[in-house]
Structures are given as structure tokens and as C-alpha cells.
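Visitor: Here is how the chains run, residue by residue.
Number of protein chains: 2
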Amino acid sequence: MSISPKLKLYEAFAAIGRALGNAHRLDILEHLAQGERGVEALAAKLGLTTANTSQHLQHLKQAGLVESRRQGKFILYRLSDDSVQRLLAALFEVGERNLAEVDKVLRDYFQARDAMEPVSPDELIARSRQGLVTVLDVRPRDEFEAEHLPGAVNIPLSELEERLSELNPEKEVVAYCRGPYCVLSFEAVARLRDHGLRARRLSDGLPEWRLGGLPVESGAE
Amino acid sequence: MSISPKLKLYEAFAAIGRALGNAHRLDILEHLAQGERGVEALAAKLGLTTANTSQHLQHLKQAGLVESRRQGKFILYRLSDDSVQRLLAALFEVGERNLAEVDKVLRDYFQARDAMEPVSPDELIARSRQGLVTVLDVRPRDEFEAEHLPGAVNIPLSELEERLSELNPEKEVVAYCRGPYCVLSFEAVARLRDHGLRARRLSDGLPEWRLGGLPVESGAE
DNA sequence: ATTACATTCCAATAATCGCTTGAATGATAT
DNA sequence: ATATCATTCAAGCGATTATTGGAATGTAAT
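So the protein sequences, as listed, match chains R and E.
If you read the first sequence in the working numbering, its first letter stands for residue 1, the second for the next number, and so on.
If you read the second sequence in the working numbering, its first letter stands for residue 1, the second for the next number, and so on.
Hints in this document: simulated from the structure, not taken from any laboratory.
Possibly wrong hints are sitting among the right ones.
Repeated chains share a single entry, so a pair holds when one copy, or any two copies, can fit it.
[Claimed, not checked] Pairs of lysine-lysine residues, derived as BS3-like cross-links and limited to a Cα-Cα distance of at most 27 Å, are as follows:
no., residue 1, residue 2
1, LYS171, LYS45
2, LYS171, LYS104
3, LYS61, LYS8
4, LYS45, LYS61
5, LYS104, LYS73
6, LYS8, LYS45
7, LYS45, LYS73
8, LYS61, LYS73
9, LYS171, LYS73
10, LYS171, LYS8
11, LYS104, LYS8
12, LYS73, LYS8
13, LYS61, LYS104
14, LYS61, LYS171
Produce the entire structure from the sequences given, and follow the hints as far as they go.
Guide: Encoded structure:
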């Protein structure tokens with residue numbers, strides 16, 4: 001007598017759950033949400049060994065969360081589907097709502113999250129059309145070149161101070177990066193304000209923007 | 001130097017993932033999606049020991065997926081939030097889309113899923129208003145009494161054959177149970193058709209109906 | 001072919017998980 | 001108080017997981 005089909009299904013779904021059950025793998029998924037990446041490139045960004053990164057990717061692949069294709073010497077990984085991003089969003093929502101620990105980190109580190117008054121995509125589009133804002137992408141150059149918001153300027157966080165002059169002080173800066181928990185844009189807004197500029201964060205990152213059906217550009221500036 | 005705040009957050013989110021990473025726990029969540037339950041009652045439905053069920057519940061509680069309250073001698077557990085149900089739905093969607101194994105089970109066991117032509121909630125409401133259908137709840141009596149669709153008739157699957165006469169053969173039967181992977185309604189529809197009745201499944205179960213903001217009733221018939 | 005290089009596989013470690021059994025807790029009922 | 005009952009805790013087992021370093025695979029360039 002075989003196991004109930006419902007449990008068989010749940011076993012498969014649980015495998016997806018286990019795949020989500022590791023912080024590094026969530027990190028990988030955040031990076032892949034921005035576009036295809038090779039194993040070594042990912043490993044470098046994450047600070048993991050390639051062997052380890054490869055293992056995590058295999059794990060994610062078996063769970064149906066990512067797919068891969070070969071291009072020349074490299075094997076590029078990407079999210080299987082938009083449904084994966086929605087799953088991540090649902091996971092984050094549950095965490096934000098029900099885990100005191102999450103709330104604490106958000107409050108302590110991403111301090112004054114509310115005071116940052118994040119800009120919604122709709123608002124950004126409206127103000128951008130009126131020429132009131134500078135859209136600032138603070139991710140590393142390679143990520144910017146792969147894909148970015150239309151009309152965005154790229155100043156990686158590490159170069160922010162040296163390149164302040166490139167920003168028009170008349171306009172408000174709206175900074176974004178990889179996603180809702182990417183620290184780059186928080187940090188950027190704080191530093192820009194220290195230098196007397198008006199700056200706010202976009203409420204989400206590039207992947208959420210794309211998921212919302214909004215346009216993106218790719219290539220250098 | 002402390003661990004990055006993003007990883008701290010992801011560690012918390014990963015804990016939720018791990019909580020989803022066990023078939024029995026998903027089963028528990030399906031049952032709790034229908035309403036509050038005590039530990040022993042759950043254990044009986046799931047076929048687990050109480051100690052084991054309790055452990056799983058602790059695990060789910062720590063992950064913020066369920067909450068509990070004491071009522072007299074019993075401790076009742078419930079889902080923390082609607083967001084938990086949305087998370088489950090997102091998990092199922094990813095599985096259905098990207099896991100060949102899930103597809104296989106759905107095809108093999110829940111055979112001819114399409115041929116069953118599930119009825120959507122909207123359609124059910126319309127046809128029900130016209131008096132064209134019998135809404136049939138095939139879950140065990142206790143679950144029916146806790147909560148059911150308005151106007152539904154309760155015939156647990158185990159009693160289906162004996163109580164066929166209670167069903168008006170002029171009307172089409174629309175059966176439902178706990179959720180999209182609950183086997184009861186599939187089985188019920190198959191058997192009803194064997195007996196010459198027109199029968200279809202509701203596309204989802206009671207929890208999804210409630211999540212959609214549609215009304216439910218409770219108490220005996 | 002041979003070399004170079006990206007990626008995956010393999011083996012070994014320590015840590016964690018799922019489940020069982022039996023005792024401990026905590027609230028209610030007598 | 002004492003007894004009862006639902007639930008949780010604690011200890012222990014076999015199985016699984018994350019990680020690492022080194023070997024093996026497979027593709028591309030010479």
C-alpha cells in the first residue's frame with residue numbers, strides 16, 4: 001500500500017520549502033531575481049566558495065526554483081519563473097508580519113524605515129516625468145549594465161562621495177538597489193542626506209519593478 | 001564585526017522556509033487553514049502521535065506561521081495570518097509550475113484534472129442562486145460543523161453510498177473539501193458519476209473560499 | 001591532442017532534524 | 001488536596017544538511 005497522493009505532493013512542496021530554508025540560498029535567489037548569473041560570479045558576490053555555491057544552486061534547481069543554460073564556458077542560472085518571485089514576496093510578508101526578530105532587525109538597522117518615506121513606483125514615474133528627480137542606481141557597475149531602471153544614473157555606493165558632483169542638487173534623488181532588504185540604497189540615502197541632498201529610497205528594488213510589468217533598460221549609460 | 005543585517009533577515013526568513021520543509025507540517029497547515037484545532041484532534045486526523053504533532057506545532061509557532069491560545073483544557077492552534085495562506089498558495093503554484101514530480105502526481109492520481117472541469121467560486125454562486133446545484137461538503141462531520149459553505153449539505157465521503165438518496169438527481173452536485181489537494185472531493189465526484197449523477201468539483205476548498213472574502217456558515221445543518 | 005578553465009562530483013566533518021519513548025507541567029474537576 | 005487529562009519537555013537514535021578541499025567532468029581555445 002502506497003503513501004497517500006496528497007502526502008506525495010506535500011513532500012514535493014516541502015522540498016521547495018527546504019530549498020528556501022537557508023539564508024545563503026535566499027541571497028542567491030535575490031541576486032538571480034535581477035537576471036542571469038554564472039556560478040563564479042555569484043560566489044564572488046555572496047562571499048562563498050564556488051563549490052558551495054554550486055551545491056546550493058543544484059539544490060535550488062532540484063526544487064524547481066532555478067533553471068540553467070550553458071553559454072560558452074559558463075553555466076548561467078536564472079529564476080525558473082515569476083512565481084518564484086511571488087513566493088519570495090509571500091515569504092517576506094509572513095516574516096515581516098509575524099516574526100518579532102524580523103521586526104527588530106528592520107527597526108534597529110534599517111532604522112526609521114518609515115522616516116525614509118520610500119517612494120512608490122507610481123510616484124517615481126510621475127515625478128520623473130516632471131523632471132523633478134534623479135533616479136540613482138547604487139549597485140555595482142556590472143549589475144547596472146545588465147539591467148536598470150529607464151534613465152537611471154549609476155553610482156555604486158563605494159564611489160558615492162567622490163562623485164557627488166554628478167548629482168544635480170536641485171533635484172531630489174531616488175535611490176534603489178536589489179530589493180527591499182538590500183542595504184545599499186538605505187546607506188546611500190543616509191549619506192546623501194548627510195551631504196545636504198534631498199534623497200529617498202524607492203520602495204522596492206529592480207526585480208520588483210520588473211515583476212510589476214514596468215520597463216527596464218540594459219547596457220551602459 | 002557582526003553578520004550583515006540582510007543575512008540576519010534572510011536567516012529569519014529561512015527559518016520560515018525550514019518550517020515549510022516537512023510534508024506533515026504542510027498537512028497541519030492545511031488543516032489549520034480551516035480553523036482552530038487542538039493538538040490531539042490534529043494528531044488524530046494526521047495519523048501522528050500527539051508528542052510528534054506538538055513538536056511540529058512548536059516548530060511552526062517559532063516560525064511565526066501559527067499562534068495558539070488556551071481554552072479550558074485544550075490549547076487551540078490557528079494560522080497567524082492570511083499571509084500564511086497566501087504563502088502556501090504561492091508555494092503550491094511554484095510546485096505545480098516547475099516540478100515534474102508534482103505534475104506527474106496530479107496527472108496520475110488526480111487524473112484528468114481538466115476533465116473534472118472544476119467549478120469556480122463565481123460560477124458556483126451564480127448557479128447556486130438559480131437553484132441548479134447541490135453544494136456538497138464531503139469532509140468529516142466535525143469539520144463541517146466548525147465551518148462550511150452557505151447552504152452546503154454534509155455527507156462525509158465514508159457515508160456517500162448509503163446516503164445517495166439524499167441528493168436530488170435533477171441537480172448537479174458540486175463537491176468540495178479542504179483544499180486543492182484534498183482527495184475527498186476528487187473521490188466523491190468519481191463515485192457520484194459512477195452512480196449516474198452529474199457532479200463536479202469546486203476549484204478550491206473551504207479555506208480558499210474564505211480567503212477570497214466569501215461568506216461561510218458554522219454549526220450543524 | 002593538449003591545455004585551460006568553469007563547474008560538478010565525492011568524501012568527510014560537524015550540526016541539525018524527525019521521530020519515539022517516558023517523564024514533567026499545568027489547568028481543570030472531584 | 002488529589003486525580004485527571006492535554007500538552008510539552010528531555011533524552012536518544014538514525015538520517016539529513018552545510019561546508020570544505022580535492023578529484024573528476026566537460027567545454028573551449030591553442
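Visitor: Hint by hint, work out which the structure violates, then give me just those numbers in ascending order.
Guide: 1, 2, 5, 9, 10, 12, 14
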